[in-house]
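Chemist: Residue numbers (full-length UniProt numbering), protein chains in the order written: chain A, 1 to 256; chain B, 1 to 256; chain C, 1 to 256; chain D, 1 to 256; chain E, 1 to 256; chain F, 1 to 256; chain G, 1 to 256; chain H, 1 to 256.
Bear in mind the hints are in silico, worked out from the structure with no lab data behind them. Keep in mind that a hint or two might mislead.
What the hints assert, rightly or not - With a cut-off of at most 25 Å between alpha-carbon atoms, the simulated PhoX-like pairs for lysine-lysine come out as follows:
#, chain 1, residue 1, chain 2, residue 2
1, H, Lys115, E, Lys22
2, F, Lys120, E, Lys120
3, A, Lys251, B, Lys12
4, H, Lys22, G, Lys251
5, B, Lys12, G, Lys7
6, C, Lys7, F, Lys7
7, E, Lys168, E, Lys251
8, E, Lys73, E, Lys12
9, E, Lys147, E, Lys22
10, F, Lys120, C, Lys14
8 protein chains.
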Amino acid sequence: MNKSFLKEILKKVKSGEIEVDKAADSLKDLPYKDLGYARVDHHRSIRNGFPEVIYCEGKSLDEIEGIVAEMLKHNNNILASRASKEVYERIKKIAPDAVYHERPKMVFIEKNKLKKTKSKILVVSGGTSDMPVAEEAVVTANALGTKVDTLYDVGVAGLHRLLGSLEKLDEAEVIIVVAGMEGALASVVGGLVDKPVIAVPTSVGYGANFGGLSSLLTMINSCASGVGVVNIDNGFGAAYLASTIILQIEKARREG
Amino acid sequence: MNKSFLKEILKKVKSGEIEVDKAADSLKDLPYKDLGYARVDHHRSIRNGFPEVIYCEGKSLDEIEGIVAEMLKHNNNILASRASKEVYERIKKIAPDAVYHERPKMVFIEKNKLKKTKSKILVVSGGTSDMPVAEEAVVTANALGTKVDTLYDVGVAGLHRLLGSLEKLDEAEVIIVVAGMEGALASVVGGLVDKPVIAVPTSVGYGANFGGLSSLLTMINSCASGVGVVNIDNGFGAAYLASTIILQIEKARREG
Amino acid sequence: MNKSFLKEILKKVKSGEIEVDKAADSLKDLPYKDLGYARVDHHRSIRNGFPEVIYCEGKSLDEIEGIVAEMLKHNNNILASRASKEVYERIKKIAPDAVYHERPKMVFIEKNKLKKTKSKILVVSGGTSDMPVAEEAVVTANALGTKVDTLYDVGVAGLHRLLGSLEKLDEAEVIIVVAGMEGALASVVGGLVDKPVIAVPTSVGYGANFGGLSSLLTMINSCASGVGVVNIDNGFGAAYLASTIILQIEKARREG
Amino acid sequence: MNKSFLKEILKKVKSGEIEVDKAADSLKDLPYKDLGYARVDHHRSIRNGFPEVIYCEGKSLDEIEGIVAEMLKHNNNILASRASKEVYERIKKIAPDAVYHERPKMVFIEKNKLKKTKSKILVVSGGTSDMPVAEEAVVTANALGTKVDTLYDVGVAGLHRLLGSLEKLDEAEVIIVVAGMEGALASVVGGLVDKPVIAVPTSVGYGANFGGLSSLLTMINSCASGVGVVNIDNGFGAAYLASTIILQIEKARREG
Amino acid sequence: MNKSFLKEILKKVKSGEIEVDKAADSLKDLPYKDLGYARVDHHRSIRNGFPEVIYCEGKSLDEIEGIVAEMLKHNNNILASRASKEVYERIKKIAPDAVYHERPKMVFIEKNKLKKTKSKILVVSGGTSDMPVAEEAVVTANALGTKVDTLYDVGVAGLHRLLGSLEKLDEAEVIIVVAGMEGALASVVGGLVDKPVIAVPTSVGYGANFGGLSSLLTMINSCASGVGVVNIDNGFGAAYLASTIILQIEKARREG
Amino acid sequence: MNKSFLKEILKKVKSGEIEVDKAADSLKDLPYKDLGYARVDHHRSIRNGFPEVIYCEGKSLDEIEGIVAEMLKHNNNILASRASKEVYERIKKIAPDAVYHERPKMVFIEKNKLKKTKSKILVVSGGTSDMPVAEEAVVTANALGTKVDTLYDVGVAGLHRLLGSLEKLDEAEVIIVVAGMEGALASVVGGLVDKPVIAVPTSVGYGANFGGLSSLLTMINSCASGVGVVNIDNGFGAAYLASTIILQIEKARREG
Amino acid sequence: MNKSFLKEILKKVKSGEIEVDKAADSLKDLPYKDLGYARVDHHRSIRNGFPEVIYCEGKSLDEIEGIVAEMLKHNNNILASRASKEVYERIKKIAPDAVYHERPKMVFIEKNKLKKTKSKILVVSGGTSDMPVAEEAVVTANALGTKVDTLYDVGVAGLHRLLGSLEKLDEAEVIIVVAGMEGALASVVGGLVDKPVIAVPTSVGYGANFGGLSSLLTMINSCASGVGVVNIDNGFGAAYLASTIILQIEKARREG
Amino acid sequence: MNKSFLKEILKKVKSGEIEVDKAADSLKDLPYKDLGYARVDHHRSIRNGFPEVIYCEGKSLDEIEGIVAEMLKHNNNILASRASKEVYERIKKIAPDAVYHERPKMVFIEKNKLKKTKSKILVVSGGTSDMPVAEEAVVTANALGTKVDTLYDVGVAGLHRLLGSLEKLDEAEVIIVVAGMEGALASVVGGLVDKPVIAVPTSVGYGANFGGLSSLLTMINSCASGVGVVNIDNGFGAAYLASTIILQIEKARREG
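Turn these sequences into a full structure, and let the hints steer you where they fit.
Modeler: Put into structure tokens, the structure is as follows:
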């Protein structure tokens with residue numbers, strides 16, 4: 001609890017400007033409001049321009065509509081993930097400016113035009129089948145106002161395509177690597193750069209891939225230092241983590 | 001391969017300044033040397049002040065001494081991880097200024113005084129038994145020239161200790177969370193901040209911890225966005241990843 | 001076998017009040033009837049007001065109707081779990097007063113009005129998607145006559161919501177924590193109270209959640225003492241266990 | 001934060017009894033102190049007579065001595081778990097009244113004579129090899145002031161021994177079942193009683209027991225309702241959970 | 001290869017009774033024909049009255065019809081397992097006397113009336129949901145000519161039902177225990193008898209049952225000696241193994 | 001409880017031959033004594049000549065001596081498994097006729113000369129390293145009075161050795177297959193015979209054998225019907241199960 | 001980069017035959033083009049007659065048509081795997097000469113008549129249900145121009161069928177073993193030959209097969225040397241690996 | 001059985017050249033001897049110059065000496081794997097020309113000077129710690145008479161070292177990749193060549209490597225076609241498989 005803020009209230013109590021009862025009421029909930037600065041969704045979106053987010057899987061159409069309606073009141077941007085076409089249709093009814101991204105199954109409502117960051121993320125992906133996850137990362141980055149570039153279809157079985165694009169690796173501040181099957185791409189990219197690499201294992205593969213476990217273990221065991229791993233198929237999480245890094249970089253850029 | 005550099009050589013060939021054979025020789029290996037900028041160990045340490053690193057586990061005393069001796073020639077800083085006291089004694093013979101950090105089992109040889117970064121990492125740990133891993137992160141950060149602060153013994157079973165130190169979370173640019181047992185600390189911290197959190201599961205625990213698997217799964221499944229996970233007990237890797245983030249922040253700070 | 005009861009019979013045999021043959025018959029099955037006090041379904045419901053329970057998954061509509069019809073003869077309350085809407089429709093035909101709880105998929109037939117306990121359970125849940133399991137616990141508690149309160153949507157990624165409701169934790173005698181994803185909520189709640197906490201991992205989550213295994217391991221490894229874990233998604237089991245605790249508390253309250 | 005307490009302070013501020021600055025200071029830290037009631041170790045032991053606990057595994061002799069010395073200042077009872085004989089010898093030097101329990105490897109220092117509860121736990125165990133874990137539960141219960149009885153060596157392969165002791169099951173308010181190998185005992189006991197059963201899987205067994213995983217899965221999947229599971233070999237945790245239940249029962253007994 | 005048989009042929013060769021070429025031909029394939037006594041399907045069914053068996057899962061209707069048609073030529077009994085109703089309809093077209101067992105999804109065509117064995121198997125099962133597997137064992141036993149009795153719904157959570165039927169356990173030569181969830185029934189039965197017990201884990205259960213893995217591990221780790229385990233849901237395999245035991249018993253009965 | 005036995009007592013009560021109180025006493029414990037026929041260790045050994053068994057792992061030398069001393073009073077045969085040489089030395093002090101089997105680490109005390117069964121077990125093993133487990137089965141069979149033959153070193157990688165010994169497979173009533181690495185031997189043997197096969201996976205192997213899990217899974221999934229599996233390295237259990245089968249066969253032989 | 005090729009260019013630069021700028025341009029991309037020889041799909045198919053390959057699972061009909069259309073431009077052979085009938089219909093529209101292999105779900109477009117190799121692969125499979133995978137290997141081999149023979153339905157439970165076909169094992173240069181359930185066939189075949197054996201575990205089986213994990217572990221742990229394993233159900237991969245071996249053999253045959 | 005060989009014997013029987021009895025004797029065992037051509041150890045070594053092999057782990061010094069002594073009689077080359085220094089000392093006593101390879105713990109006795117093959121294997125390894133496994137492959141290849149080259153320390157985290165040695169990849173007929181940690185190297189190499197790649201996962205690594213499981217899964221899931229996998233740390237098996245490939249290549253080279 002901020003001391004100067006407290007003193008101000010107390011002074012007003014002393015001077016009779018505020019009644020004891022009303023002051024007690026407002027102070028009572030303060031610590032949690034104070035804590036609340038952390039993650040109260042509305043506050044967060046105001047503070048750093050991040051949108052409000054709904055994870056749609058396992059929620060009914062009615063529930064989703066209700067949540068979106070509530071969110072629309074605050075006029076913030078809204079990002080819905082794992083949203084089927086049906087979900088989109090429903091959201092569109094109350095938010096006609098909602099845009100649907102089909103492959104990553106995301107809906108974005110841009111109430112406030114975002115100014116893109118100067119620093120940038122590069123999303124690198126292995127094969128065509130990793131695309132939905134890669135694009136979940138791209139759409140998320142866009143919705144968070146983070147500049148983002150892509151380098152697709154550069155799996156380790158065709159290394160020359162990756163090596164032919166080294167400049168792209170050079171230009172980004174943070175790199176997200178999306179890869180299924182054996183997930184070796186994270187190590188290869190991690191070995192080529194000295195910047196933060198966020199690895200997203202995907203459930204793409206068959207046989208002993210075991211729903212992405214194989215890629216996850218590969219990436220967690222990466223012999224290349226500087227690689228952090230998020231959950232299987234979690235393109236959203238990777239872009240979110242990358243964006244918190246970019247946020248720190250932009251802040252430093254502004255503040256010197 | 002840089003075109004202007006190439007043209008320069010070709011012009012010299014044309015003018016006869018360089019012989020065809022010698023030019024061919026130097027061009028032949030260029031692509032790989034060119035790639036080599038990526039991770040040639042000596043070059044990297046020069047470029048960003050990072051030390052050369054040896055992972056000692058599974059190497060004989062003789063092998064370690066050989067590697068250190070080779071490294072000493074380049075006058076770079078040297079960091080040895082998973083180094084027993086015996087390893088330290090051996091290294092000390094050829095590098096009398098080597099310092100031993102007992103709990104995290106690391107040896108550091110600081111040939112060039114490091115200038116600490118302005119941005120900073122905070123290492124948060126759960127219990128006393130997570131300390132060796134937490135300190136591996138601290139010593140690594142120090143060896144990489146990254147400013148680092150600590151917040152120990154704030155496990156989720158005593159939440160008030162963590163909540164009483166919110167300011168520390170505020171002051172750092174990147175947070176490393178080291179936790180064993182059920183590893184819930186990463187989610188709690190991830191929920192309190194909007195900055196990059198790097199989670200290190202530890203093998204501390206008993207019963208169904210299964211050598212850290214439990215903490216690893218907890219952290220990978222974290223419901224808090226913005227959390228990236230490294231391998232079990234990999235304090236080094238966490239600090240390395242955090243430092244690559246700080247590197248980008250510092251660069252932005254310099255360049256604006 | 002109760003000795004005084006035995007003596008009474010033997011005396012009647014001696015006095016000729018009961019014939020040897022009839023006495024032998026009634027004694028023959030006694031041990032198992034005696035054991036039977038344990039869990040003979042009808043007896044149990046009489047003894048402590050617990051309803052008779054049917055687990056519907058994997059049973060045909062005909063089988064379920066048959067079991068309910070049989071149970072209705074004893075005029076006890078009946079609770080059907082994992083019951084689809086179809087199952088409900090079928091049950092309703094022979095028990096028109098059956099009530100359907102859609103989210104937790106439970107049917108309750110309250111033949112005898114239950115008197116609620118004085119002590120109370122608090123069901124705490126992490127996210128919206130954990131609601132079906134949380135409500136399975138609530139409906140079960142109600143059907144068992146146990147007073148129950150709820151505290152929903154207080155996941156660890158938004159800790160302030162939990163901290164703002166500490167009083168609820170204070171008021172209950174037993175706390176059930178329902179949480180998916182990484183399941184950290186059980187440890188956080190377990191660290192805030194000194195009362196029995198029953199943790200229910202849910203299969204909510206994606207990627208490396210592996211059908212609830214991740215939450216299960218987290219909860220089993222909880223660094224907070226005083227946490228007992230039931231099976232994944234087993235809201236019924238948690239409420240049942242909690243109710244046996246409340247039963248003991250109520251008994252002590254009555255007996256002093 | 002308690003409103004009446006707040007109002008009292010505010011009134012004193014208004015009346016000039018307390019200075020604004022001092023009031024601000026005391027209010028500033030209040031929320032966390034307020035939270036602190038939860039688990040500040042010393043406070044907890046005062047509140048309910050529970051001892052302070054040290055988990056010794058992975059701590060050095062010096063660290064353990066330091067912690068015990070610190071704890072001794074508050075004159076509370078102290079319980080050290082997973083303590084080798086060496087650990088005991090060291091503790092004894094500064095606490096000559098420390099008692100060592102060899103099989104469960106626990107040290108207990110009883111500074112304040114405990115008054116045993118009226119309600120009671122029954123610790124049931126399968127085979128001779130489960131004894132260390134069973135006795136960890138017994139010693140813990142004793143150290144927490146909880147009355148405890150035992151029923152050993154009643155594995156399911158010799159069911160008659162269990163069935164011959166049904167009265168013991170009847171007399172206890174909470175039952176702890178300790179079992180390794182296939183862990184079936186928990187289900188059998190759970191099927192015989194209508195009271196809380198806490199199951200402790202042990203790592204006893206060989207072959208496909210996989211360090212207790214087999215027993216853990218068996219117990220978590222128990223077909224008997226009313227069974228909660230703690231970590232493998234965690235006799236301490238089971239007794240702790242059981243004691244929080246007994247605490248609620250005793251409170252109800254006192255308060256009616 | 002039988003020496004006396006060989007000598008006979010050789011003598012005929014010597015005497016000119018058989019030509020060298022023809023003898024060579026018949027000897028050439030002998031070793032494999034000789035081996036062939038082992039499991040050539042038709043031969044086996046002749047030898048011990050066992051039917052020919054088709055595992056239908058993963059085979060097309062056409063393939064199944066083809067196999068059955070081929071088998072019908074030898075006039076043996078035929079047993080089809082994992083057969084959907086559709087499969088049955090198809091088989092019925094070419095084998096009008098085929099009988100369908102709906103719950104265990106088996107088709108039996110009894111071309112030769114089987115004489116039941118004197119010794120007998122008892123199939124014990126835990127809950128209603130284990131019935132399909134239990135009945136797969138029963139139908140298989142019947143098809144193999146093995147006498148079979150049943151004891152259903154005697155799960156460990158209601159031990160009295162099992163204890164009330166000890167005579168049935170006494171009367172059988174081999175016992176098959178079918179149980180899902182935690183699979184503890186196998187240990188309990190194994191502890192009550194001194195005869196071969198064959199345990200069949202079922203995939204019945206939810207949460208951490210993991211498709212039967214939990215029951216499988218429980219049964220493999222059984223603390224009761226004399227328990228052999230077959231694959232999850234493999235009622236057929238259990239009855240087959242039991243029948244090979246009965247075969248040896250019957251042979252001993254005949255031969256003395 | 002036997003009805004005729006009950007009637008006899010009741011008649012005596014009626015006639016005054018037995019006093020009510022004494023009759024009540026003797027009836028009170030009857031059900032459990034009745035159950036007790038099942039597995040009271042001494043009774044069992046009397047009934048079928050089986051020895052009393054001690055599993056030594058995890059028991060102290062004193063505990064083992066105590067148990068053996070107690071057992072010696074009943075003059076039964078005694079078999080101690082997983083017994084180190086030290087254990088043997090200790091047992092020998094109080095039982096000088098104890099014999100030590102070094103490879104399988106078993107001690108046998110033959111108080112009553114056993115008469116071997118007519119039917120016989122064949123123990124088949126894969127490689128030299130499976131020998132300790134194979135011999136645990138052999139010594140156990142011997143101690144149980146079961147005739148036993150062996151066929152060692154016939155792993156599937158050298159099939160001709162197995163095929164050269166088909167007669168041995170023919171002569172036994174029950175076959176035990178002991179195999180590590182990939183455990184394929186059980187399927188091969190199971191495919192060659194139509195008699196009960198008991199498979200013992202061993203922990204022999206390296207790499208992805210995972211302590212016997214690989215062999216266990218292989219054997220449980222055997223495509224050959226008629227194979228039952230016991231725990232990893234559990235030679236004792238296999239021989240015990242095989243001996244209960246032989247017991248039934250011998251009984252049939254006697255009774256016809 | 002090839003030195004002689006480089007010298008040639010440099011000489012031309014020196015002589016003025018090529019302009020500096022144009023030479024620089026062509027050299028600039030050379031390293032990656034040079035690397036590109038490795039796996040640029042078109043080049044590869046030209047070099048060794050291998051077709052271009054599309055893995056259809058997870059790709060939309062439109063995407064697949066697009067890729068095939070692109071591939072058709074180079075007039076190479078095209079092989080599509082995991083192709084549903086629908087996929088085939090779509091491909092057929094733009095490639096009327098496409099042939100569909102129903103069981104292994106593969107489409108082959110043979111633009112250039114392949115000349116079969118002299119050396120040959122033998123595909124051995126266990127049961128009828130392994131056929132789709134076995135035929136995926138056969139069709140792949142055919143599409144790669146590799147001669148291929150088959151030996152189906154020779155599972156270890158009917159060893160005589162395998163032993164009766166030893167000549168087929170003799171005639172092939174490389175053997176592919178396709179087997180599900182317990183996968184023992186690979187070891188048996190590996191023990192019969194001294195030539196490369198490629199093992200393909202299949203997901204055929206039930207119960208504890210765990211989607212092929214059981215067969216995979218069996219094959220990886222094979223006690224027979226000379227066995228290499230590919231992914232579960234990966235008939236394509238096995239045939240591809242086998243064909244690279246045949247390629248080397250044919251090359252040696254040509255070159256001597 | 002060879003028909004012409006049979007006819008020859010039969011003719012001799014007819015002519016009286018061989019007696020019926022003696023012929024019967026020799027024919028009796030023929031089928032197994034015939035099969036025996038497959039893997040009778042001595043025969044194999046004669047046929048293709050392969051040495052006899054002993055796997056020493058789990059064998060006593062006496063057993064090993066016995067086996068070696070027996071083998072020495074046939075004057076073949078002998079290779080002992082997993083041999084400690086102690087084992088070597090013992091072997092040396094009876095085979096003074098035995099050579100010890102310390103890192104891979106192998107003993108080789110070269111009784112017959114081997115002629116190296118023309119084709120060659122390349123052993124590629126990731127890090128220093130993979131060396132023991134890599135050298136096990138090298139020593140094995142040498143002992144089998146297979147020419148072998150090495151390319152060490154080319155892990156994916158330092159890709160330039162691998163790319164700088166593409167010629168070595170070009171020159172070999174078969175490539176063995178030895179890699180621990182995340183095992184990505186196999187995919188990278190597999191993507192660079194069109195020749196058989198044999199991947200050996202090693203148990204090198206820490207944390208979530210789980211004794212090599214991580215590398216094993218990575219390699220099995222390799223997105224590069226043409227990769228076959230052997231067991232964890234099984235350098236011997238890889239070299240053996242590679243050598244059977246080379247054998248086929250050499251044969252083709254000779255025969256054309």
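Chemist: Hint by hint, note whether the structure agrees.
Modeler: Taking the hints in turn, this is what the structure says about them:
no. : hint                 : result
1   : Lys115/H to Lys22/E  : 46 Å, violated
2   : Lys120/F to Lys120/E : 21 Å, holds
3   : Lys251/A to Lys12/B  : 47 Å, violated
4   : Lys22/H to Lys251/G  : 49 Å, violated
5   : Lys12/B to Lys7/G    : 14 Å, holds
6   : Lys7/C to Lys7/F     : 15 Å, holds
7   : Lys168/E to Lys251/E : 23 Å, holds
8   : Lys73/E to Lys12/E   : 35 Å, violated
9   : Lys147/E to Lys22/E  : 47 Å, violated
10  : Lys120/F to Lys14/C  : 56 Å, violated
In summary, the numbered hints that this structure violates are 1, 3, 4, 8, 9 and 10.
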